[in-house]
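Chains A, B and C supply the protein sequences, listed in that same order.
Start counting the first sequence at 632; every next residue gets the next number (the numbering used here).
Start counting the second sequence at -12; every next residue gets the next number (the numbering used here).
Start counting the third sequence at 7; every next residue gets the next number (the numbering used here).
Calculated from the structure, these hints are not laboratory results.
Not one of these hints is a red herring.
Each computed DSBU-like pair below joins lysine-lysine, with the alpha-carbon atoms no more than 35 Å apart:
| # | chain 1 | residue 1 | chain 2 | residue 2 |
| --- | --- | --- | --- | --- |
| 1 | C | LYS32 | C | LYS204 |
| 2 | A | LYS887 | B | LYS108 |
| 3 | A | LYS698 | B | LYS232 |
Sample of chain A residues at the chain C side, in silico, Cβ under 10 Å:
| # | residue |
| --- | --- |
| 4 | LYS794 |
| 5 | GLU817 |
| 6 | PRO820 |
Note that the structure is predicted; figures quoted are calculated from it, not measured.
Even for Gly, the Cβ is constructed at its ideal location relative to N, Cα and C.
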Amino acid sequence: MSGIDGYDFRRYRRPAAYLTSLAALIALAAWQAEVDLGMFFRNADKGVAQLGAHFPPDSSVIGIMVKESLITVAMALLATPLGGAISLVFGIAAAKNISPPFIRSIARGLISIERALPEIVVLLFLIVVFGIGYFAGIMALAIGCVGMLGRLLGDAIEEIDKKTLESVELVGVTRSQLVRYAVLPEVLPAFISNLIFRFEVNIRASVVLGAVGAGGVGYELGKAMDLSDYQQATTAILAIVVLVLLSERLSDFLRKKVNAKSAALA
Amino acid sequence: MPRARLWPEEMSDVAKVEVPYKLPSRSFLERFLILSGILAATIALFAALDVDPFVFFTEFYHVKRLVVDMMPPRLELLFQSKGLYDSIGETISAAFLGTVFGGALAVGFSFFAAQNTAPSKWVRSGMRTLLSVERAIPEFATLLIIISVVGVGPFTSTVALTIASIGFCGRLCADAIENVDTRQVEGLDVLGSSRWQTIRYAILPQVGPSFLSALFYMFDVNLRRAIVLGYFGGGGLGFELERSKGMLQYKDMLAYTLCIVALVMVMERVSDFLRKQILNVDTQLK
Amino acid sequence: MIRIDGLCKKLPDGRSLLNNISFSVKAGEFVGILGGSGAGKSLTLRCVMGLVQPTAGDIIFSRTKASGEEETFCIQNLSERRLREARRDMGVIFQGGNLVKRLTALENVMMGRLGHISPVRSWLYGFTDQEAKEAYEVLKSMKMEDYASRRVGNLSGGEQQRVAIARAIFQKPALYLADEPVSSLDPKNARKVMKLLKPLSKDKPVIGVFHQPHLTAEFCTRVIAIKGGEIVYDGAPDLDAATLAMVYEGELEEVAREPASVAADASSGFAAEEVASLRPGTITP
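Construct the complete structure from the given sequences, taking the supplied hints into account.
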């Protein structure tokens, strides 16, 4: 069926099929997720009242929020290098050109399992073991790094020229020396850049973990919401927004610096 | 080991040679100072948080106990209860709907946040700021606020994820719009097309694939977020996990965790596959 | 001194890549190995380096220890630790150098001595000033001192090759092995590199794989030609036209006209040899 002037309407067949199946999927999901759009109209007044209760922010707790934000930063600061160290081990173990196949497949498996686990799940297990507190949060954040950093590092190491590794090996070095002199110099700048990005991610994550019980500004937010202290909660949210935006800026700035330095011709 | 003579010149006295170049490897002192500085900072941070990192070793026997308590995982859940499949469905649905609705809204907003389609510079920077502030609000805060209006359940998750997707996806889309080939846009501008015609015929065809990739990425992110939100009362797997932990049912907890890992891995594969399929067809049409 | 005795290498499916290769090289000799692509030149060298395990035959490598006594290694059956020890005394120069691109030339040269440094020291401490100065001296002898602090990735092919030679010299080996060191270079740089390799053979054996018969004729003291995994010529470096034609069998024009393309063909070591062996006619069954 060719249209006017050779314009072929069949080209719309596939998009139409996509749109129909998308609509069907949305309907199915809406049924499963108990979507009830009427709720918005029925509870409109309640919603307005709720939002109103959040304002104005409670300025008397600003000091506490700043202090708790610093604790959140401290947690991320401790967790990121720790996570980086763990990822370094996993990344090296996950690269097929320097580690034996058996160890490599174990490391790859653990990394992809970790990648699929939200930090909060890791934290729940750690809370069972170490109790509620900063330590469980730091450990959860550190473990959370492995999935992303370990995989990126493993892939970066696998991209190193095999011939370079071979020629260094032929000097008669041990495996640890090979890692130190042929592998790390090639991958370290990118790894540090990723680590800085991970710091930014960890700040966000530690807010969420805080609400579960790891402490920090996230914990204050959760507590305020639990106690229906909505104005205080708004202050906490504002503190979090400022914290996240600042960490974003800082990480962008630092990463640009690292990249410029590693690209500079020595 | 006695040092052999080097080829080819007579080495009268190597020690006298001046290397016009700083040694690449740091001296032992430098290394020592850097390492001890890092160590001191770490200790100070731990002290400031009043955390004893050695509980990892002193309390390690708890790990053993937990392992004993949660082994084997109660995988019978897979066959016994309909509840498990319901909660998996709820998690996927919330993530999917959040992505679709949030993505649709984000695409709309992104045209105001891209400099080549925004009506004015002020609208653009205002929208950009709005999106990045929105992105900085943790999604569980949104969820907790919505809960007090809508109540606990997957619908709350859906709404929270919709809102949370706007900032994230809006920025990705706006960046994609700003990266379009300007020559095609200029080509239409020369013909005297309106703003909407330019968007329809010069920009949309170019950004389609990037929007699609952004949406699929968003879905992967949202799936994880849906699990997190579940913990705070958004239903689905996260909620089940929280409940089993609250009731100290560690065997259930491990089973749910395994489900989460499997779900995230499988959905990642599925969305990757779909994305490739759709993008492939897209290039074939061109 | 290095002695190779009846070296054979067969693929698992029974095809033979090397067949009964035997020769020995002593100090003062600069041996050039010639042959068409896929003939087994690089493979022979890789067997000597211990990268490829031969199916049969002996590779006997002897060095004089610092204490003056003679030590002999049988490369084909060494433990990993002993193989490392043997490799410390082999200065290997690859095509393109295969250096660590992000490190400076000086660091790459110093790496030659890594085998003599304990792993703990190399992690904590690195190299000493003394070693840096010696490495700088070697670079200077290669006329590369101006590039000492430059990253190797930013150097040209010829410069990288010279850094690689400097690394091998800094290693103070008992034997030099050069796997197509000039193949990726233009004629002028190739001659330069050959001129640097030549004096190494004054007190150490040097074995190189080459693709340019005119260069081996000019610089080497002895030429070994390999064809189809067997030695077909072993003797004076100035091969006559008939022998050359026999060795290369139709590839000669190609070699003479465009050395780089043939070299690129066979540059990737074992893999290339394996691929080449699948072509009809290059291997005698």
